[in-house]
Each structure stands twice: as C-alpha cells, then as structure tokens.
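Q: Here is what each chain is made of, one letter per residue.
There are 2 protein chains.
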Amino acid sequence: MSDDDRLARVTLSVVGEPGETRLLNLAADLGPRGLLDALHEQSEERDLFAAVSSRLAEVEPERELEQAARAGIRFVTPSDPEWPQQLGDLATAGALQARGGVPVGLWVKGPLPLTELAGSVAVVGSRSSTSYGERVAGDIAAVVGLAGRVTVSGGAFGIDYASHRGAVSTSSPTAAVLACGADRVYPAAHREMLTYLGREHAVVSEAPLGAAPHRVRFLARNRLIAALTRGTVVVEAAARSGALNTANWAQRLNRFVMGVPGPVTSACSVGIHHLIRTGGATLVTNGEDVLELVAKAGEHLAADPRGPEQARDVLSFTDRQVLDAVPVAVGAHVHSIAKVAGLADAEVRPILDRLEEQGFVEPDEGGWRLGVVART
Amino acid sequence: MSDDDRLARVTLSVVGEPGETRLLNLAADLGPRGLLDALHEQSEERDLFAAVSSRLAEVEPERELEQAARAGIRFVTPSDPEWPQQLGDLATAGALQARGGVPVGLWVKGPLPLTELAGSVAVVGSRSSTSYGERVAGDIAAVVGLAGRVTVSGGAFGIDYASHRGAVSTSSPTAAVLACGADRVYPAAHREMLTYLGREHAVVSEAPLGAAPHRVRFLARNRLIAALTRGTVVVEAAARSGALNTANWAQRLNRFVMGVPGPVTSACSVGIHHLIRTGGATLVTNGEDVLELVAKAGEHLAADPRGPEQARDVLSFTDRQVLDAVPVAVGAHVHSIAKVAGLADAEVRPILDRLEEQGFVEPDEGGWRLGVVART
Numbered sequence: 001m002s003d004d005d006r007l008a009r010v011t012l013s014v015v016g017e018p019g020e021t022r023l024l025n026l027a028a029d030l031g032p033r034g035l036l037d038a039l040h041e042q043s044e045e046r047d048l049f050a051a052v053s054s055r056l057a058e059v060e061p062e063r064e065l066e067q068a069a070r071a072g073i074r075f076v077t078p079s080d081p082e083w084p085q086q087l088g089d090l091a092t093a094g095a096l097q098a099r100g101g102v103p104v105g106l107w108v109k110g111p112l113p114l115t116e117l118a119g120s121v122a123v124v125g126s127r128s129s130t131s132y133g134e135r136v137a138g139d140i141a142a143v144v145g146l147a148g149r150v151t152v153s154g155g156a157f158g159i160d161y162a163s164h165r166g167a168v169s170t171s172s173p174t175a176a177v178l179a180c181g182a183d184r185v186y187p188a189a190h191r192e193m194l195t196y197l198g199r200e201h202a203v204v205s206e207a208p209l210g211a212a213p214h215r216v217r218f219l220a221r222n223r224l225i226a227a228l229t230r231g232t233v234v235v236e237a238a239a240r241s242g243a244l245n246t247a248n249w250a251q252r253l254n255r256f257v258m259g260v261p262g263p264v265t266s267a268c269s270v271g272i273h274h275l276i277r278t279g280g281a282t283l284v285t286n287g288e289d290v291l292e293l294v295a296k297a298g299e300h301l302a303a304d305p306r307g308p309e310q311a312r313d314v315l316s317f318t319d320r321q322v323l324d325a326v327p328v329a330v331g332a333h334v335h336s337i338a339k340v341a342g343l344a345d346a347e348v349r350p351i352l353d354r355l356e357e358q359g360f361v362e363p364d365e366g367g368w369r370l371g372v373v374a375r376t
Numbered sequence: 001m002s003d004d005d006r007l008a009r010v011t012l013s014v015v016g017e018p019g020e021t022r023l024l025n026l027a028a029d030l031g032p033r034g035l036l037d038a039l040h041e042q043s044e045e046r047d048l049f050a051a052v053s054s055r056l057a058e059v060e061p062e063r064e065l066e067q068a069a070r071a072g073i074r075f076v077t078p079s080d081p082e083w084p085q086q087l088g089d090l091a092t093a094g095a096l097q098a099r100g101g102v103p104v105g106l107w108v109k110g111p112l113p114l115t116e117l118a119g120s121v122a123v124v125g126s127r128s129s130t131s132y133g134e135r136v137a138g139d140i141a142a143v144v145g146l147a148g149r150v151t152v153s154g155g156a157f158g159i160d161y162a163s164h165r166g167a168v169s170t171s172s173p174t175a176a177v178l179a180c181g182a183d184r185v186y187p188a189a190h191r192e193m194l195t196y197l198g199r200e201h202a203v204v205s206e207a208p209l210g211a212a213p214h215r216v217r218f219l220a221r222n223r224l225i226a227a228l229t230r231g232t233v234v235v236e237a238a239a240r241s242g243a244l245n246t247a248n249w250a251q252r253l254n255r256f257v258m259g260v261p262g263p264v265t266s267a268c269s270v271g272i273h274h275l276i277r278t279g280g281a282t283l284v285t286n287g288e289d290v291l292e293l294v295a296k297a298g299e300h301l302a303a304d305p306r307g308p309e310q311a312r313d314v315l316s317f318t319d320r321q322v323l324d325a326v327p328v329a330v331g332a333h334v335h336s337i338a339k340v341a342g343l344a345d346a347e348v349r350p351i352l353d354r355l356e357e358q359g360f361v362e363p364d365e366g367g368w369r370l371g372v373v374a375r376t
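Same order as they appear, the protein sequences are chains A and G.
Under this note's numbering, the first sequence has 161 at position 161, and the numbering climbs by one with no breaks.
Under this note's numbering, the second sequence has 189 at position 189, and the numbering climbs by one with no breaks.
Worth flagging that the hints you see were computed from the coordinates, not collected in a lab.
Incorrect hints may have been included.
Computed list of chain G residues with no C-beta within reach of chain A, every gap over 12 Å [said to hold, decoys possible]:
1. N25
2. P78
3. W83
4. D89
5. L112
6. P113
7. E116
8. S172
9. M193
10. E200
11. G298
12. Q310
13. V330
14. P363
Stretches of chain A that chain G covers, calculated by requiring three or more beta carbons in the stretch to come under 8 Å of a beta carbon on chain G [claimed, not checked]:
15. 31-43
16. 127-136
17. 208-214
18. 238-248
19. 269-283
20. 322-333
Heads up, the beta-carbon is just placed ideally off N, CA and C, and yes, glycines get one too.
Using the sequences provided together with the hints, build the complete structure.
A: What follows is the structure, encoded as structure tokens:
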C-alpha cells in the first residue's frame with residue numbers, strides 16, 4: 001500500500017505539471033491512486049485532464065525511480081519521515097497564476113534531509129543584482145547558517161548564487177530548489193555549484209527528471225521556496241522581479257516576509273521598497289534582524305542600533321545638564337549657561353571648571369563654549 | 001489688551017528658555033500676563049522659577065520689538081492672523097527630554113507668512129550626510145515644492161542644506177527653523193544661505209534675538225519643525241541622530257513620519273532603517289511617495305512601480321500561455337509544450353509558428369525554445 005502510494009505519486013509527478021493546482025487538489029481529495037484510477041476510467045476527471053490521461057500509459061514509475069536512484073536522486077513523499085510537514089500549508093493557500101497545491105512528492109539530490117528545512121530561511125532576489133545586494137545576501141546567509149538554520153534559494157544568477165555561497169562560506173547547510181528536474185543544470189554556468197550542492201547539501205525539485213526550465217515552472221518553484229521555509233528575505237527586486245512572486249507566496253502562507261532596502265536610486269531595489277512601503281515586508285538590514293523575526297519569541301533579539309559611545313556618556317546627570325546648556329559656537333557667561341540649564345549660577349560655576357579640566361568646555365570670549373571632547 | 005498680551009509674550013520669550021515645558025504650560029493656564037503677574041508677586045510660581053523671575057526687571061519688551069524690527073524680524077503670536085494654528089497640537093503632546101509646550105511666540109524674518117506652513121513638509125537628516133542622501137533630500141524638496149508645499153528644515157549642514165537648496169532649485173518656498181536667534185547665523189558657513197532665506201523666504205526661531213545655539217535649544221527646535229509641518233521626512237540618520245528626535249516629535253503629534261532607506265552598509269542610514277523596521281516611519285523613495293501620504297486622500301496617488309513594458313505584454317492570453325510553456329534553455333517539442341501549457345497539440349502548433357515569426361520563440365533541436373524578443 002505504501003509502495004503503491006509512492007508509485008502512484010511518481011506517475012502523477014511525471015504526467016502532471018509542477019503546481020498544477022486542480023490536479024494536486026484532486027490528488028489530495030481522492031488520494032494519488034484514487035485519482036489515477038479515475039483518470040483510467042470513463043470519468044469526469046478523465047475528460048477534465050484528457051492530455052494527462054493520454055500520457056498515463058507511457059509512464060513506468062518503477063523505472064523512473066531506478067533512473068533517479070542511478071543519478072543519486074530520491075523521491076520523497078508525505079509518508080516518508082523526511083517529508084517537510086510545512087508543505088501541508090499549501091493545501092489551503094489557494095493558487096497564484098494558476099499554480100498552487102501540495103506537491104505529490106519531491107525529487108531530492110544530496111545528503112541534507114528535508115526535515116532540516118523546518119526553520120529554514122529563504123534568501124532570494126534579482127538575477128541581475130548589484131555587488132551591494134550580493135554582499136548583503138551572502139552576509140545574511142552566513143549569519144543564518146551560523147545560527148544553525150538552512151538557507152534556501154533558487155540556484156539562479158545574482159542574489160540566489162550569493163545566498164548559497166554565503167551559507168557555504170560558514171560551512172552551513174543550503175538547499176537549491178529548482179524549476180527544472182533535479183538531474184538538470186540551469187543556468188548552465190552554475191554546473192559546478194549545483195553539482196556541489198547535490199553532493200554536499202540538497203538540490204530539490206517538484207519536476208520529474210529531465211524536466212526543462214519552463215517559465216511557468218519558476219512560478220510553481222517559487223511557491224515551494226516560500227512554503228519550505230519559515231521566512232523569505234528578498235534582497236534586491238526590480239519592479240517585476242520573480243522574487244516578489246516568492247514574497248507573495250510567503251505572505252499567503254503566513255511566513256515572515258522580509259526585505260532588504262537599498263539606495264532609492266537603484267532600480268534593483270524598487271520592487272522591495274514598494275513591498276516594505278505597502279506593509280508587505282518587514283525591513284531587515286542583516287542576519288540578526290532576520291533571526292529575530294524567524295526565531296522563537298525572545299530568542300535572537302537584535303540589539304537596537306546604538307551610536308558609538310560618546311565621551312559625555314560618562315558624565316553625571318547634572319554635569320550633562322550644564323554641558324547641554326553650553327553654546328556650540330561663541331562662548332557664553334556663567335549666568336547665561338545657568339539660565340539655559342535652569343540651575344543657579346553658584347551651582348554651575350564649579351561644574352564648568354571641572355568640565356574645562358576634562359576638555360568638555362573651553363574658554364571663549366570670557367565665557368565657555370563646547371570643547372573638543374564634547375564636539376566628537 | 002492685545003498689545004499687552006504681545007508685550008507679555010515678548011518678555012516671557014526673552015526670560016524663558018525655548019520649549020521650557022513647565023513655564024509654557026503655566027503661560028497657557030494663566031495667560032502670559034497672568035503668569036508674569038504671578039512671577040512678580042510673592043507666589044508659588046515665583047519660587048519655582050526664581051531664576052526667571054530675577055531676570056524680569058532687566059527686560060524691556062518694547063525695546064526688544066524695536067531691535068527686532070530694525071533687523072527685519074517680526075514677533076508672531078497666537079493673536080496674529082499669521083499664527084500657524086497647527087502649533088496648538090503641542091499643548092497636549094507632552095514633553096521629550098524636558099522640552100515641550102506651545103511657544104509664546106515666534107521670531108520670524110522673511111516675507112513668507114507662517115500660515116503658508118499649513119500642509120508643509122519637513123525634510124531633515126544627518127549633518128554628516130552622504131552625497132546620496134543629499135541628492136535624494138534635494139529631489140524630494142523640489143517635488144514637494146512643485147506641488148505647492150513649503151519645505152521646512154533646520155538650516156544645518158548636510159541634509160538640511162540640501163533640502164533648502166532643493167526647494168529653491170524649483171523656486172519653491174522654504175523655511176529654516178533655527179535653534180539660535182533669528183538674527184544669528186549658525187552654522188557660520190551658512191551665512192549666505194540663511195541671509196537669502198531671511199530675505200526671500202523665512203527664518204524662524206522660538207529663541208529671542210541674540211540667543212546662542214545651545215544643545216538643548218536644538219531639542220526645542222526639533223519639536224517646532226515637527227509641529228509646524230504635516231509630515232517629517234528623515235533622509236539619513238545615524239543611530240543617535242537629532243533627526244530621530246524630530247521624527248519622535250512628529251509621531252507624538254500624529255504627523256506623518258517618513259523615512260528614506262539607503263544601503264544597509266551605510267552608517268548614515270542605520271537610524272532610519274531601525275525606525276522603518278519598528279513601524280515608526282513609512283518608507284518613502286521620492287517626492288511622489290511623500291505627497292501621496294501628506295496630501296488629502298485620493299490626491300497625488302503615487303503610481304505603483306512598474307517594470308519597463310515587455311514585448312510579451314502585447315500578446316493574447318493564449319499566446320502568452322504557450323510562450324510561458326516554452327523552455328528557456330534547450331528546445332522542446334510541440335507535445336511537451338502543449339502539456340506544460342495545458343492545451344491540445346493542435347491548438348499549440350499554429351501559435352508557435354506565429355510566435356516564431358514575431359521572434360518570441362526560435363527553433364532548437366527540432367523543437368522550440370525562447371527567442372531573443374522573449375528574453376529581453
């Protein structure tokens with residue numbers, strides 16, 4: 001029965017399209033074997049999926065699994081302990097651009113078990129990124145990795161590449177979720193990286209072996225990146241970037257959506273600024289900000305940004321009150337300083353002497369103005 | 001009576017400190033003349049403000065007004081038609097760092113009536129700004145000005161200077177609110193600009209003539225910038241920037257608080273990123289974003305960012321469905337493309353021919369892959 005379920009899922013994975021919502025929803029309702037039976041019979045489903053049904057005869061699921069095994073690829077289904085339970089959220093998340101639903105299974109290459117993706121973070125963004133964006137993406141992945149979390153991305157040029165590389169730079173696990181088959185390489189220039197990830201980490205795809213990187217498959221793939229992770233960080237995204245589609249899915253799935261700002265003069269940041277501005281994403285500036293959001297409440301609290309310690313920080317409250325009342329430009333007399341500080345002249349005089357010794361104030365025009373120490 | 005009120009206010013302006021909350025609140029409760037009377041008598045108030053009371057005898061309010069008039073400076077009080085009514089919000093906004101309250105009057109130099117500041121926008125930020133921040137500040141002020149709104153800033157180095165200059169670049173009105181007296185110049189290097197603003201626009205101060213730029217006076221001044229304007233835009237702010245104090249006041253006063261993001265690697269943007277991240281400011285990227293917020297609902301709607309028009313935008317829905325199913329890298333056959341698109345082979349064939357003519361697809365390995373037009 002478990003074997004039969006697995007083989008039925010392999011068949012559906014091969015004949016169906018990744019993220020073909022209606023088919024996946026029917027598979028969930030009838031069970032994979034139930035759906036296949038319906039497609040074989042004279043049924044409503046058979047009429048609805050005529051193209052799919054006509055291809056059923058061509059599929060030999062055992063052979064698909066053998067071929068996959070030879071390529072070092074396993075097929076993970078919901079009955080496997082390795083199945084990432086968080087994908088269940090896709091059952092009720094609806095569809096975007098006609099793509100949605102829980103995948104019938106995932107083709108996986110590499111030693112990283114998918115269960116490790118619980119609590120993982122997606123770092124995605126523009127393919128035509130800037131060196132600024134790549135640096136920030138790499139830093140975020142490195143910090144997320146040091147905190148023991150997997151960085152998930154799409155293996156593409158630009159931000160995706162920088163994210164995987166950033167994780168690897170701290171010997172941290174990282175998974176690439178592809179739009180083509182897990183046995184294929186796209187883009188071709190990333191052969192070396194994807195081979196490395198398939199050997200040391202994980203390369204994941206909903207599409208069967210040999211599947212080409214079709215445009216629609218990127219949309220289906222983006223929903224997986226969002227669903228597998230606890231939050232999605234978009235590093236750079238122009239106005240029509242695919243990364244915004246991933247962010248959209250993350251939002252639908254109640255995952256954290258985070259965006260890294262950039263110069264408002266950079267076209268690469270237009271999409272993410274719009275997302276932050278309209279409340280679609282939380283602004284994050286580094287890995288610590290990301291961890292604060294995705295970690296359990298109270299863990300990984302990011303420190304509030306603080307300026308450098310200032311010399312005046314060591315002064316007593318009254319000393320600071322006096323110092324604050326000393327003019328910046330041209331010296332003022334004790335009387336005037338006392339007035340501004342709201343203190344008596346006699347109280348202020350010895351404090352000014354002390355502040356002068358420490359370099360906080362200096363004599364000017366028979367009075368005092370701010371000294372070198374106070375101006376730094 | 002109106003004259004007497006004005007003279008009492010001049011006296012309080014000269015003896016009191018800008019934004020000295022307790023004194024200003026008493027002036028509101030007892031009336032300026034009532035407070036002066038109390039300070040002259042044997043009273044609780046006289047004991048509380050001993051330093052202030054002891055200086056009352058020195059002040060000749062008529063002479064102060066004459067001196068001001070000679071310097072081209074007028075004293076504007078709540079009984080003048082020019083009084084900016086929005087300052088009334090300070091009555092209930094409490095205090096920050098012991099500064100707060102409605103000023104007893106404002107010293108103003110320049111032809112711009114303060115009533116014009118209704119609907120104005122504050123553009124403020126770091127003194128040690130970057131050229132990036134200065135450019136963005138100038139652009140925002142220019143656009144705000146072209147929409148007929150006054151840009152308010154603090155006349156300081158960096159972002160303040162760029163804001164005033166940006167407004168002037170489109171011949172738009174701009175007001176500098178100073179921490180020192182309106183007859184003084186601080187910083188000295190801005191003599192030319194402040195002289196120009198005092199002749200063509202407006203230089204405003206709560207502090208009396210001759211008052212030096214004390215540190216606490218900047219805090220009192222920041223509350224005025226926030227209160228005079230409908231919204232505050234912070235362009236660059238390091239972790240301890242005074243601009244964050246202005247933003248804090250704007251928040252308290254239910255004004256719009258807006259922040260311009262920058263590179264997360266820039267120390268000049270740390271403070272503003274924190275403010276956006278924690279919900280203290282709305283991210284804005286240009287003057288249009290600012291106008292959308294501060295304008296009446298429905299006016300100045302900023303267009304959603306759009307990528308450049310793409311060639312595929314002109315295609316019919318079915319044509320696009322087919323095109324989306326064509327692989328990016330290696331050619332696929334009609335049958336495979338039809339499967340991905342969810343259409344019949346016979347339907348797809350003529351569409352592919354048409355798409356090839358238009359350059360959207362190109363022949364590859366006996367099938368089709370994306371063509372030059374679709375890849376741009």
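Q: Are the hints correct? Go through all of them and say.
A: Verification of the hints:
1. N25: Holds, since 15 Å exceeds 12 Å.
2. P78: At about 25 Å from chain A, G/P78 clears the 12 Å cut-off, so the statement holds.
3. W83: Correct as stated: the minimum Cβ-Cβ distance to chain A is 26 Å, above 12 Å.
4. D89: holds, 25 Å
5. L112: Correct as stated: the minimum Cβ-Cβ distance to chain A is 26 Å, above 12 Å.
6. P113: The assertion about G/P113 holds, with a minimum of 30 Å to chain A.
7. E116: holds, 28 Å
8. S172: holds, 21 Å
9. M193: holds, 16 Å
10. E200: holds, 24 Å
11. G298: holds, 17 Å
12. Q310: violated, 8 Å
13. V330: violated, 6 Å
14. P363: holds, 15 Å
15. 31-43: violated (count 0)
16. 127-136: Coverage by chain G holds for the stretch 127-136 of chain A (3 residues, Cβ < 8 Å).
17. 208-214: Since three or more residues must qualify, the claim that chain G covers the stretch 208-214 of chain A holds, with 3 doing so at under 8 Å.
18. 238-248: With 3 residues closer than 8 Å to chain G, the stretch 238-248 of chain A meets the three-residue bar; holds.
19. 269-283: holds (count 9)
20. 322-333: holds (count 9)
The structure shown violates the earlier hints numbered 12, 13 and 15.
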